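Residue strings, one per chain:
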Amino acid sequence: MAKEKKKISNSLKKLEEIVSWFEDQDEVDVEEGLSKMKEGAELIKELKGKLTDAENEFEEIKKELLDTE
Amino acid sequence: MQEARIFSVSDFLDYLNDFLVEEHAVVAGEISDLSIHPSGVYFSLKDEEEEGLLQCYLNPYAYRQLGVELENGAKVKVEGWPEIYKPRGKFSFKVQSLELSGEGTLRKAYEALKKKLESEGLFDQKRPLPQFIERIGVITSRTGAVIADFRNNLESLGCKLYLFDTRVEGAKAVDGLVQGLEYFNSSSLHLDVIVMIRGGGSLEELQAFNNERVARALFASKIPTICGIGHDRDVPIASLVADQQTSTPSIAATLVNASWSPLRADLPLLSARLLHGYEGVLAAKRDMLQKAQSVFTGALTHMFRSYREGASRLVRAAEDAIMRTRRRIEESARYLAAASPERNLRLGYSIIFDESGRVVKEVGHVRKGARIKARVGTGSLQAIVETTQTESI
Numbered sequence: 523m524a525k526e527k528k529k530i531s532n533s534l535k536k537l538e539e540i541v542s543w544f545e546d547q548d549e550v551d552v553e554e555g556l557s558k559m560k561e562g563a564e565l566i567k568e569l570k571g572k573l574t575d576a577e578n579e580f581e582e583i584k585k586e587l588l589d590t591e
Numbered sequence: 224m225q226e227a228r229i230f231s232v233s234d235f236l237d238y239l240n241d242f243l244v245e246e247h248a249v250v251a252g253e254i255s256d257l258s259i260h261p262s263g264v265y266f267s268l269k270d271e272e273e274e275g276l277l278q279c280y281l282n283p284y285a286y287r288q289l290g291v292e293l294e295n296g297a298k299v300k301v302e303g304w305p306e307i308y309k310p311r312g313k314f315s316f317k318v319q320s321l322e323l324s325g326e327g328t329l330r331k332a333y334e335a336l337k338k339k340l341e342s343e344g345l346f347d348q349k350r351p352l353p354q355f356i357e358r359i360g361v362i363t364s365r366t367g368a369v370i371a372d373f374r375n376n377l378e379s380l381g382c383k384l385y386l387f388d389t390r391v392e393g394a395k396a397v398d399g400l401v402q403g404l405e406y407f408n409s410s411s412l413h414l415d416v417i418v419m420i421r422g423g424g425s426l427e428e429l430q431a432f433n434n435e436r437v438a439r440a441l442f443a444s445k446i447p448t449i450c451g452i453g454h455d456r457d458v459p460i461a462s463l464v465a466d467q468q469t470s471t472p473s474i475a476a477t478l479v480n481a482s483w484s485p486l487r488a489d490l491p492l493l494s495a496r497l498l499h500g501y502e503g504v505l506a507a508k509r510d511m512l513q514k515a516q517s518v519f520t521g522a523l524t525h526m527f528r529s530y531r532e533g534a535s536r537l538v539r540a541a542e543d544a545i546m547r548t549r550r551r552i553e554e555s556a557r558y559l560a561a562a563s564p565e566r567n568l569r570l571g572y573s574i575i576f577d578e579s580g581r582v583v584k585e586v587g588h589v590r591k592g593a594r595i596k597a598r599v600g601t602g603s604l605q606a607i608v609e610t611t612q613t614e615s616i
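Here the protein sequences line up with chains Y and E, keeping their order. Numbered according to our numbering, the first sequence spans residues 523 to 591. Numbered according to our numbering, the second sequence spans residues 224 to 616.
So that you can see chain Y by itself, here it is in the shape it has in the complex (with noise of 0.2 Å):
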């Protein structure tokens, strides 16, 4: 799970990284700017994955189990 918040972090950090560089560069080759551009889609892609409008999920702990520990 840390692991996957590592990779979110790392996912936006690379995003953040694409749009520098389109925005850093003032003669784009096409077939770069092209495979970034699908990069970059793939990464929204993924991290809007990760804000799906998802329920909370709610649990009580059961004393019970935690007494007899």
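Be careful, since some hints might not be right.
To be verified - Listed below are the simulated DSSO-like cross-link pairs for lysine-lysine, each with C-alpha atoms no more than 27 Å apart in a straight line:
#1 Y:Lys535 with E:Lys349
#2 Y:Lys535 with E:Lys383
#3 E:Lys445 with Y:Lys529
#4 E:Lys383 with Y:Lys585
#5 Y:Lys570 with E:Lys383
#6 E:Lys445 with Y:Lys527
#7 E:Lys395 with Y:Lys584
#8 E:Lys349 with Y:Lys527
#9 Y:Lys536 with E:Lys508
Simulated from the structure, these hints should not be mistaken for lab results. What you are looking at is a predicted structure, and each value in this text was computed from that prediction instead of being measured.
Following the hints, put chain E in place on chain Y, whose structure we already have.
Showing chain E alone in chain Y's frame:
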């Protein structure tokens, strides 16, 4: 008359204690004659106004569980039952739990503990909350509006909430809060954060959150903590120790929400910037293509035009050549017509042939007396040469 039962001293005291243990009670009073020993804590409770003295005993284990510093003059509420201490025949109150009471005592205890923990550095541990909080251990009471408040303010992030239900007020609250912290820290739930929440209350109602044991358990938590405890004047000590503190439980939920903002807020922005960047590249290339296309089209048009021009020049040249040839033929015809001997004969010229039929072109060709034939316009005539004479022309 039935004979009275005769007890031994010890049996009689046991007999009485069996009754007394049922007399579970809470007694409020002020501490005096405090004496803390390894064997336990001894003190007397008295009323402010009336006379009366209750001797109390607190076992060392229960004392350690209190997390409260006792001192003479402190107002407390003790819970327990009475007992006669057999070896000395002394009546005393066996304290099971103890709470401070009264604004003055509570404030004094609060200030003292705050000073103590501050000097120990317990308020200095401020770890950042992790990004993208998903797994939350919540320590609070299952009843009441607080847990609902927290849940309602939590965005739908697919979080997993684990509630450790505990009292948040009264003598049992301290144990519950500490147990919750210990449970979550030793569990295999892989929590991102522990949230300890309670609605607002007076210093007395909130005293579990101003407790040394709770403070130390919070400080010891390996998992980052958020305290969302409503309060008036004094920030609860638990809140001071926690990594993050908010003034209400609902704001604690917004801290969890905020941990997702790098994704929630930045992702749409990054998407837009990426699209914009890529469109910029495409637009530049489209411009370039359009330019190239117009150059190419221009070149082609030019080529066709020159081709057309070349072709028409060729046709014109051919036509000219034909015209010229025709003219030349006509001229030749005219010339030929002009040069025809018949025409010249008609004009008065004549052609002289010798006897052998050859055309006489020079005087020297014939001699005097030679027979010649002259051809003229309408026929021919025979003649004899009388004289010859050379003339220079």
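Quick rundown of the hints versus the structure:
A hinted pair counts as satisfied when its Cα atoms are at most 27 Å apart, and Lys535 (chain Y) with Lys349 (chain E) qualifies at roughly 25 Å. The straight-line distance between the Cα atoms of Lys535 (chain Y) and Lys383 (chain E) is roughly 26 Å, inside the 27 Å bound, and the hint therefore holds. A C-alpha spacing of about 22 Å is found between Lys445 (chain E) and Lys529 (chain Y), which places the hinted pair at or below 27 Å, so the restraint holds. Straight-line distance between C-alpha atoms of Lys383 (chain E) and Lys585 (chain Y) comes to about 18 Å, which keeps the hinted pair within the 27 Å bound.
As the CA atoms of Lys570 (chain Y) and Lys383 (chain E) are separated by approximately 19 Å, the hinted pair is consistent with the 27 Å bound. Only pairs whose Cα atoms come within 27 Å are accepted, and Lys445 (chain E) paired with Lys527 (chain Y) is accepted, the gap being roughly 18 Å. Only pairs whose Cα atoms come within 27 Å are accepted, and Lys395 (chain E) paired with Lys584 (chain Y) is accepted, the gap being roughly 18 Å. Our distance criterion of 27 Å between C-alpha atoms is met by Lys349 (chain E) and Lys527 (chain Y), whose separation comes to about 21 Å.
Annotation: proposed proximity of Lys536 (chain Y) to Lys508 (chain E) holds, straight-line Cα distance about 25 Å (limit 27 Å).
The structure agrees with every numbered hint stated previously.
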